[in-house]
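**Student:** Take a look at the letters that make up each chain.
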Amino acid sequence: GAVVSQHPSWVICKSGTSVKIECRSLDFQATTMFWYRQFPKQSLMLMATSNEGSKATYEQGVEKDKFLINHASLTLSTLTVTSAHPEDSSFYICSARDNWNYGYTFGSGTRLTVV
Amino acid sequence: DAKTTQPTSMDCAEGRAANLPCNHSTISGNEYVYWYRQIHSQGPQYIIHGLKNNETNEMASLIITEDRKSSTLILPHATLRDTAVYYCIVRADSGSARQLTFGSGTQLTVLP
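Residue numbers (this note's numbering), protein chains in the order written: chain A, 2 to 116; chain B, 3 to 114.
Keep in mind that the hints were calculated from the coordinates and are not lab data. Fair warning: this is a prediction, and the values are worked out from it, not measured in the lab. Virtual Cβ for every residue (Gly too), placed ideally from N, Cα, C. Be aware that a few hints might be false.
Claimed, not checked - Dumping the calculated DSBU-like pairs for lysine-lysine here, alpha-carbon to alpha-carbon at most 35 Å:
1. B/5 - A/56
2. B/71 - A/42
3. B/54 - A/42
4. A/21 - B/5
Stated by the list, open to error - A partial selection of chain B residues facing chain A, derived with a Cβ cut-off under 7 Å:
5. 45
6. 46
7. 101
8. 106
Bound conformation, chain B alone (with noise of 0.2 Å):
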C-alpha cells in the first residue's frame, strides 16, 4: 500500500469548512484514497473513500487530484465534535480483507 503524508495538526474555526490534506505521490492506479477519523477513546469510524472522482456523502467531500498524487478531506461546516485524528490511508481494494495500515494521521482541532 502507497504511503500517505499528513500534517500532524490543524486548527479550524466553529462553522468554517475544514480542508484535510493527504499526499500520496506513490499511489498505483488501483488504490482508493480512505478516510477515517478517531475521536478520543473511540474506535476509528469511516468518513468516505474515493478512486479517482470526487466524492461527497452526508459527511464530508474527498477531492483527489487529477494525478491522484494528493487528496483534500473536506468537511464542509466544522462543529466541535469533528475535534478528532483524521487518517488517510491509501489501499488496493482487492476483494479480499486485509488490514488497513494506519499512519500518525492528522489532529483536527474545531476551535470555538
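The shape of chain A in the complex, shown without the other chains (with noise of 0.2 Å):
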C-alpha cells in the first residue's frame, strides 16, 4: 500500500528559531499534498494545501509567511515553521492521495515543542 513518510517524529527548538518538516511520498507520486496541524484534543485542522510546481494554497488564518511550503518534487512536500513560538507548538500531520485506495495516505506526524 501507499506509504508516507513524514520527518522528524518529534522536535523541540527554541523560541525564535525555524524547524523544517519533510513529507514524502515513498511508493506513489503526489502532485498535491495536505499539511494539517492539532492541537491537544482537537481534531485536525487543514493549513494549507501543497501543489507541486506551485504556491501552496493557505487556509483562512493561517500565516503563509510563517509556515513555510515547498513542493519541489512529485514526492517531496516540506513545511517550515519559521520564528517559532510556543504557541506553534503542536502536532503537524501531512497526507497525500494514493491512487492504491483512492483515499488519502497519511505522515505519522511530527510533535513540535517550543520552548
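Join the two chains, each given in its own frame, into one complex according to the hints.
**Tutor:** If you want it as C-alpha cells, here you go:
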C-alpha cells in the first residue's frame, strides 16, 4: 500500500528559531499534499494545500509567511515553521492522495515543542 | 462536503464487535463515506470507504443504509490496539485531490 514518510517524528526548538518538517510519498507520486495541525484533544485542522511546482494554498487564518511550504518534486513537500513561538507547539501531519485505495495516506506526524 | 455526526465516545469489550455509527443525513448522490482512525500521537489511518453498497476488507465492514443517510463501521473482533479516535468523513470523489475535513470523531476505548 501507499506510504507517506514524515520526518522528524518529534522536535524541540527554541523560541525564535525555524524548524523544517519533511513529507515524502515513498511509492507513489503526489502532485498535491496537505498539511494539518492538531492541538491536544482537538481534531485535525487543515493548514494548507501543497501543489507540486506552484504556490501553496493556505487556509484562512494561517500565516503563509510563517508556515513556508515547498513542494519541489512529486514525492516531497516541506513545511518550515519560521520564528517559532510556544503557541506553535502542536502535532503537524501531512497527507497525500494515493491511487491505491483512492483515499488519503497520512504521515506519522511531527510533534513540535517550542520552548 | 456533507456534515457528519458521531457519538463522542464508545466503549467495547475486547473480542466483541465494535459498531460505530455515523449520521450523514445531507449526503449527496456522488459523495462517498470514508472512515479513518487515529491512534494516539499517530497520523490517521485509512480503514474503508464506500458509496452505497456495503463494503468489507481485512480491517472492517462498512454498512450504509439504503437511503445513505447513515452508516456503521464494524470492527468484528475488537482488540486493545483498536483503541483510537474514529472519523467518519463524507466527500465527493471528483478525481482531483481535495482535502479531507475532519470532525471530532468517536473515541473508541476497547476494554480488557
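**Student:** Each of the hints needs a verdict: does it hold here or not?
**Tutor:** Now for the hints, and whether the structure bears them out:
no., hint, result
1, B/5 - A/56, "holds (29 Å)"
2, B/71 - A/42, "holds (28 Å)"
3, B/54 - A/42, "holds (32 Å)"
4, A/21 - B/5, "holds (34 Å)"
5, 45, "holds (4 Å)"
6, 46, "holds (5 Å)"
7, 101, "holds (5 Å)"
8, 106, "holds (5 Å)"
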